[in-house]
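**Q** Given next are the chains, with one letter for each unit.
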Amino acid sequence: MGDVAAIETESLVKRFGHIEALRGVDLRVEQGEFFGLLGPNGAGKTTLIRILATLLRPTTGKALVCGHDVVRECTEVRHLIGVVPQAMTCDLDLTARENLDIYGRFYGLPKKERTEQIDYLLGMIGLEERAESLVATYSGGMRRRLEVARALIHRPALLILDEPTLGLDPQSRYVVWKLLEKLKERYSLTILLTTHYMEEAEALCSRVAIIDHGNIIAVDTVEGLKKSVPERDRVELTIDSPPDADPVQAVKTLKEVKTAELKEGVLTLTVENSQRELPLIFEALRKKDVKIKEAKSTHLTLEDVFIHYTGRPVRDEARKVSFFIGAGVPRKWGR
Amino acid sequence: MRRMFAIIERDLRKFLRNPLVMAVSIVMPIIYLLILGNSFLGELKNLPIAVIDRDGGVYAERVLKNLEAIERGPSTIAIYRVSSEGEAMRGLKEGVFKAVVILPQGFSKHLVKRGRTEVGLFIDNSDVVSANTLRTALLSALGSVERDFIAVRERTHGVRVRTVEVHPKIDYDQTLIPGVVIMAIFLGALTTGVFNIVMDRFLGTDESILLTPLTKTDIVGGLVVSGLIITTLLALVVLGLSSLISGIYLWKTLTLGGFIGVVFIVMLSTLSLQGLLFIILGRADHPRVVGVLGGFLNVILFFPSGAVYPVESFPYLLRLFAWVNPETYSVHALKTVLFKGAGLNAIKGDILFLAVFALVSIAIATLTFKREL
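Residue numbers (our numbering), protein chains in the order written: chain A, 1 to 335; chain B, 1 to 373.
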């Protein structure tokens, strides 16, 4: 493959009637990357993924997966990708083994290879003992792990996960994270993950793109994105200051302190790196006999970066609804 | 082909894990047979009529005896002797009686003297079917009275009709069996095949199918074949049970060739309906759509099929519809094989129509199937 990118899109546009879901997306994901696609709900993440997964045709522009065009070479692309969709899509009235076996047959895997791969994947996701139980009896976390295993049945080069931990409880989310970390360590897979859980992208992804209103507005490593944001870590100190001391002036002499403000006994600072600079701040205040009663520090998170770029956290996604729901209602009335 | 087999196996496994659907698919057509076969037995029974005899003469008595004979024999009527005309007419108005027969004073005298007389028949013509049957019953009761006054010599010119039934006697509920089998096929075709696509769309599981290298032919073909297997087996079970219930012993009446013919007709009918339903419901994404359209399609395909009423008696436009309705050919072919014991030659037109219909509809269904979200 050489320098062929795992994913490459050029001026990718997708319109649904009068709604423009993607407005000229240019994206390049290298092979072996664990790439995160962040965006508020309705930003265009799922549309982009569905185009890459050959489920939707782009209106204009081009999308390549491992050098194969998603429209003209859709069959090749389908063999190259494994997708964990947002919805739980395993058959509930089949067992885990049956789900994996039938899916393997959809890809034309020979019986011997299929059986070996199923046993291996069931072991990897920790479901060997429940392999013969109907999926209907599984918890949300177990189903999600099975979805991941199913997406890997044909050993794809690119694994796409669309909000893989959406709706899971924290414990199940942690188990899925561990599974994805294991995949990242063991295989030379390229992984594309969409999420709106910032800590998920921060924990798993080597590079992240922020998408909003159908445009990619930033692409970088998590650290790179944090550096691109003017906001810094925030420190809040509840202090007891002698009347003649000026705590604001005391800390402002430190070049690492960007801003300082005293209000009702609480000194609020923004600093480059709170962990590194807190001892220096404490020392400067101690020299002025300022007593620190309580200290709180907040790190700059990807969430802050995200809000900085998109201007908002999360909003509701406009879902494509059945034609028959609201049929006959004029579109302008909000169908 | 291997991929298509995976679709078939997936569908069959899912179906077998839902025994309730299986049971309902068998029981519903049989309940239909029991309800329709017992409530509408071809001939009407026990229609209540009020009779008022103002004459009391010998011929009035004879008419009454004839009516009583009908009551005891084919049981078309149930006679209530009423003395008051007011009471009888009130009963007619309130629906207690379907008709009021009045034998007027002087009925017998006029019949003897003038050779003709009149009988009053007040009839509830809001129920056309009952009204026609009652009119026929009364005419038959009067007819035999009239014949007493035909001179013996004139009888020599009378034409006597002797009816010969060419097939073994078939009861009305037995004539419904082809319709019951067709209904089982329709229900089978409706709850398999395209229904799985609609449910997958509704549940969002279609995405996982569309992500794989399966082709349109794999998906549509696989679902049609699994639907064919399920529906054929269900329809044959329904045929067996409904025959037993209505008193036909197929192992005695059906030859091996006939049985193979029945299986073949059931399979072609299933494929035709699978194709038709795939075209109509192929893009639906909510089971409610299947429910609404399914009920509608069942009625408009079933009733003009000749299963309960002869196609030849339909108005012209309905006859045109019957000519393109695959169920018409299925019913005709099944009746021919089950009741007349006819060979392939008698049903080759039906077979040809069903085969072409199945082929064309499945081809259209495959071409129009949406392989994307």
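Hints in this document: simulated from the structure, not taken from any laboratory.
Incorrect hints may appear among the rest.
[Claimed, not checked] Ranges between beta-carbon positions, derived for each pair:
| hint | chain 1 | residue 1 | chain 2 | residue 2 | range |
| --- | --- | --- | --- | --- | --- |
| 1 | A | K112 | B | N18 | 50 to 60 angstroms |
| 2 | A | R155 | B | T368 | 28 to 38 angstroms |
| 3 | B | F296 | A | I19 | 48 to 58 angstroms |
[Said to hold, decoys possible] Here are the simulated DMTMM-like cross-link-like pairs (lysine to aspartate or glutamate), alpha carbons at most 20 angstroms apart as the crow flies:
| hint | chain 1 | residue 1 | chain 2 | residue 2 |
| --- | --- | --- | --- | --- |
| 4 | A | K252 | A | E272 |
| 5 | B | K14 | A | D69 |
| 6 | A | K62 | A | D26 |
| 7 | B | K370 | A | E73 |
| 8 | B | K370 | B | E312 |
| 9 | A | K182 | A | E33 |
| 10 | B | K14 | B | D200 |
| 11 | B | K14 | A | D93 |
| 12 | A | K111 | B | E9 |
| 13 | A | K184 | A | E202 |
| 14 | A | K112 | B | E9 |
| 15 | B | K216 | A | E73 |
| 16 | A | K62 | B | E372 |
| 17 | B | K216 | A | E76 |
| 18 | A | K258 | A | E236 |
| 19 | A | K178 | A | E199 |
| 20 | A | K226 | A | E132 |
These figures come from a predicted structure and were not determined experimentally.
Built from N, CA and C at the ideal position, the CB exists for glycine as well.
**Q** Next, verify each hint and record whether it holds.
**A** Taking the hints in turn, this is what the structure says about them:
1. The hint said 50 to 60 angstroms for the Cβ distance between K112/A and N18/B, and at roughly 32 angstroms that hint is violated.
2. Under the hint 28 to 38 angstroms, the C-beta atoms of R155/A and T368/B, about 34 angstroms apart, fit the expected range.
3. A hinted range of 48 to 58 angstroms for the beta carbons of F296/B and I19/A is inconsistent with their spacing of about 33 angstroms.
4. Between K252/A and E272/A, the direct Cα distance comes to roughly 13 angstroms. Compliance with the 20 angstroms bound is thereby established for this hinted pair.
5. At roughly 35 angstroms between alpha-carbon atoms, K14/B and D69/A are farther apart than 20 angstroms, so this suggested pair is violated.
6. For the given pair, K62/A sits about 9 angstroms from D26/A by alpha-carbon distance, which is consistent with the 20 angstroms threshold.
7. A C-alpha spacing of about 18 angstroms is found between K370/B and E73/A, which places the hinted pair at or below 20 angstroms, so the restraint holds.
8. Pair hint K370/B plus E312/B does not hold up; C-alpha atoms about 40 angstroms apart against a cutoff of 20 angstroms.
9. Straight-line distance between C-alpha atoms of K182/A and E33/A comes to about 14 angstroms, which keeps the hinted pair within the 20 angstroms bound.
10. The hinted pair formed by K14/B and D200/B meets the criterion: a straight-line CA distance of about 12 angstroms does not exceed 20 angstroms.
11. Straight-line distance between C-alpha atoms of K14/B and D93/A comes to about 6 angstroms, which keeps the hinted pair within the 20 angstroms bound.
12. Using a Cα cut-off of 20 angstroms, the hinted pair K111/A and E9/B holds, with the two alpha carbons roughly 15 angstroms apart.
13. Only pairs whose Cα atoms come within 20 angstroms are accepted, and K184/A paired with E202/A is accepted, the gap being roughly 14 angstroms.
14. Taking the CA atoms of K112/A and E9/B, the gap is near 18 angstroms; set against the 20 angstroms cutoff, the hint holds.
15. Using a Cα cut-off of 20 angstroms, the hinted pair K216/B and E73/A holds, with the two alpha carbons roughly 16 angstroms apart.
16. With a C-alpha separation of about 17 angstroms, the suggested pairing of K62/A with E372/B holds against the 20 angstroms cut-off.
17. Restraint check for K216/B and E76/A: the C-alpha separation of about 16 angstroms stays at or below 20 angstroms, so the hint holds.
18. Distance restraint check for K258/A and E236/A: the Cα-Cα separation of roughly 14 angstroms lies within the 20 angstroms cut-off, and the hinted pair is therefore satisfied.
19. Taking the CA atoms of K178/A and E199/A, the gap is about 14 angstroms. The hint holds against a cut of 20 angstroms.
20. For the given pair, K226/A sits about 46 angstroms from E132/A by alpha-carbon distance, which is inconsistent with the 20 angstroms threshold.
In summary, the numbered hints that this structure violates are 1, 3, 5, 8 and 20.
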